[in-house]
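With chain A's structure known, arrange chain B on it following the hints.
Keeping their order, the protein sequence lines are chains A and B. Counting from 1, position 48 in the first sequence corresponds to residue 48 in the working numbering; the numbering is continuous, with no gaps. Counting from 1, position 287 in the second sequence corresponds to residue 287 in the working numbering; the numbering is continuous, with no gaps.
Keep in mind the hints are simulated off the structure, nothing from the lab. Each hint should be verified, as a subset may be incorrect.
Claimed, not checked - List of simulated lysine-lysine pairs, DSS-like, C-alpha gap at most 30 Å:
#1 B:K138 x A:K18
#2 A:K260 x A:K12
#3 B:K138 x A:K260
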Amino acid sequence: MRRETLLLFLRKELRDLKANRQVWPAYLLLPAIAVLLPVLLLALLPVFLDPALAGHDPGADMLRQTIANDATLAGATLAERLARYLLRELGVFYLLMPVILASTGAALALVREKEQRTLEPILATPLRDRDLLLAKLLASVGPALLVTWSAFVPGVLAGGLCGWWRVGRVILPTAGNLVGVLLLAPAMAAVAALLGLRVSARFTDVPGAMQFTGLLVIPASLILVAVLGRPAMAHPGLGLAGAALLALAASGLFARTVRKFRREELLTRWK
Amino acid sequence: MISARGLSRSFDGRPAVEELTFEVPEGSLCALLGPNGAGKTTTVRLLLGLLTPTAGGGEVAGVTLPASDPEGARLRGRCGLLTEAPGFYDRLDGLENLDLFGRLYGLDEAELRRRIEHWLRRFELWEARARPFGTWSKGMKQRLALIRAVLHQPPVLFLDEPTAGLDPAAAREVRDLVSALRAEGRTILLCTHNLAEAEELADLVGIMRRRMLVFGARAALTRGTPGLELEVAGDGGALAAGLRSLPAVRAVAANGRSLRVTLDDPERDTPAVVREAVRLGAAVLAVRPAAPSLEEIYLRAMREAP
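Only chain A is shown next, with the shape it has when bound in the complex (with noise of 0.2 Å):
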């Protein structure tokens, strides 16, 4: 029944989306901005490279020392190193798209559902706890990173035309991109949202849950994002040890979840 009970979760959780116009802005917003981010930062970059600037502007200068010292973009012009730079640094917000949706999705799956007064009709079918949290944790996970990479596509797609238009080259994402979102993204997400699904699990309301995930889940979320995914944006070594390393993490946390998880608490501290 596992397989058919985590397809189930992730349909109704799809179906509950898309009917709730409230979350629509969330899941908008940030692949608009992946798609935008990109097409903003080239068409800015004649003032990042202004001359001008050099001396005056401590950000740019560092910029330009970045770049400069930067191995990995060797042998092309200033212009396209610095195109290359920013759309390859840019790879990180498709980690922090998937750890943000998918954090605050999971932190109101069960708070939500304590909420709605459907937990314990879910709770008294002969539903396991394994599957429960496994079908939460991929409803949480799964719309994330589908949003993520559907962004991913135009994203890419506008950073490579952008790159035509300001350096004269498409730019390609990296291995390190790649890397990044196809495999660091599920991990990172997978271990944002088992941590969202604890708080859900222990809080009696959606406030409180959606204030502890935005004060402390997300921040550390984001957090090893800028430690481990920046990085491996560059290095792409790096994020497949990176993501193998989170998906140990994920599953020994998935284990401990299922192991605390106890449903007459979920059912006796709801008031």
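For chain B alone, coordinates are given in the frame of chain A:
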């Protein structure tokens, strides 16, 4: 069959239910009565394996309590639950909601579709099936919740306040369905505040306030003290004194036009009492066998409860 043996549960050291022992034979309907906070919902959750007892155990649908998975999952698969709140997803329509829960109970698609259509038509919800659940009326929601409870054809049903908040017509419909489900041989535990509902439907009655105060066959509980009720035109008080002189009469209590006469053998002595009442000049309007109502039994149990 539902059986509880010394079933107890505390929350943070505070007892919610204590030493519940009772048995509901297969095919019977037991009404569990009690005030708010008496532990009825906790009892249902314990019997369904959603809560673990702090002491005691039992057996439901052939599964021994307490039951952890996979036995717990087997138990839940053999029981249907109607919760106090309907508990469906507001943004999904009726069909989608039932489809989700039907599949969680392991029903295959073709059979599930057939049963959903059968029940939605029977409950006159078929036309509303594609409308979001959030737009349904309270009565419609409650009927859908009842459908969910029976969709997988469980032998045991737990119904928590099935008619609460329903209009009289919808409540009648739900009661008829509950009655029909019992006639099909299902074992039903019905938690209710509605004493008339319990009186109408139940084979067994349990009155609880944390502990089981009264438990037994409804017919036996309401048989009570032998006697009769007389209704007369005018004041019954004057007649009461006259009737007390009859040797068969043990006691007479008058309340306005109504008299309650306690007898040794009502079948033998009733004609003599009526004859005497007429002889004393009373205009007898009605004669009924006296029996304590469930309400009286309930109120007495609550008064005498520790």
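Is it true that the CA of B:K138 sits at most 30 Å from the CA of A:K260?
Judged against 30 Å, a Cα distance of about 36 Å means the pair is violated.
30 Å limit on alpha-carbon distance, applied to hinted pair B:K138 and A:K18
With Cα atoms ~25 Å apart, B:K138 and A:K18 stay inside 30 Å; holds.
Between the alpha carbons of A:K260 and A:K12, is the straight-line distance 30 Å or under?
25 Å, holds
Hint compliance for this structure: hint 3 is the single one not met.
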